[in-house]
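Using the sequences and the hints given, assemble the complete structure.
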Amino acid sequence: MAARRPLDPPPSPVEVERIVEEIHRRRLAEDDDDLHLWSDAPADVITYVLEHRRVARRVQVADARAALRLIRAQRARLDELELRALDICRQDGDQQVPWSALARDLGVATPQAADQRRDRLRATVADRARRTEEPADAEQAERAWTLRNGARIRTAAAALVRAFDDIAATGNGEALDVLEDIEVALDGYRATHRQHAALVYYFGMLGRALGEKAADLPAVRTAVTLYHEFDAVTTPDDIA
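First residue of the sequence shown? That's 0 in numbering that gives the first Met the number 0, and the numbers climb one at a time after it.
For the record, the hints were derived by calculation from the structure and aren't laboratory data. Beta carbons are placed, not taken as given, at the ideal position from N, Cα and C, and that holds for glycine. Among these hints, one or two may not hold up.
Taking lysine to aspartate or glutamate pairs in the EDC-like style, the calculated list, with each CA pair at most 20 Å apart, reads [unchecked claim]: (1) Lys212 - Asp176; (2) Lys212 - Glu138; (3) Lys212 - Glu173; (4) Lys212 - Glu179; (5) Lys212 - Asp164.
For each label pair, taking beta carbons as the anchor points, the in silico distance ranges come out as [as the list claims (entries may be wrong)]: (6) Glu29 - Ala157: 23 to 31 Å; (7) Pro110 - Asp215: 50 to 58 Å; (8) Ala128 - Val232: 26 to 34 Å; (9) Thr221 - Glu179: 18 to 26 Å; (10) Thr221 - Asp33: 29 to 37 Å; (11) Gly210 - Glu179: 39 to 47 Å; (12) Ala128 - Arg89: 14 to 22 Å; (13) Asp215 - Arg129: 47 to 55 Å; (14) Arg147 - Val96: 27 to 35 Å.
Below, the structure written as structure tokens:
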């Protein structure tokens, strides 16, 4: 009997973003009429490719295979969250939830089955952690961060555009030039890593242009906070 090949770990956050970008590029190339409904959240992408199928059969198949990989990543994340929820419920104290109640919440037959489920989740999550490498370089770290924070970046950029009058009132021409770049980026927004990273860099440029005045503008303050979070993740420890 042939030896079993070790199972690959589910896609990492960096790989998930690459999969999402690949699907989006295929759909753009096909002039998919439904792309106005696109969201870059992995769960939404899974639903999108399986429900919006007005594209060539080869694209449907490629996207369906990509969706299977995204589902693996989502399932792994749900395992982590379920384990965390069980651990919270079973913490010592007055609010500790009995296994009999958790069995009902989980939909299993007995308290023992609920306890065993937590043990299996612990083993599964620990095994995945051993087989999953952390981002190895700055580019991977950037991708992982923008994947987690894409919605925040998009919201912050839109808030800056709405705050145009307040920013213009500062009389800072450089800040207005940066804001124009942000507007252009939003006009062609496709929820890709490169666009998210570019927007965050613009946030940093806007903050530097406004200096102390940035703190007086809530939309700018939020954008600058995102820039600093991004910078902290992507700057090597020996340089920071």
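So which of the earlier hints does this model not fit? 2, 8, 11
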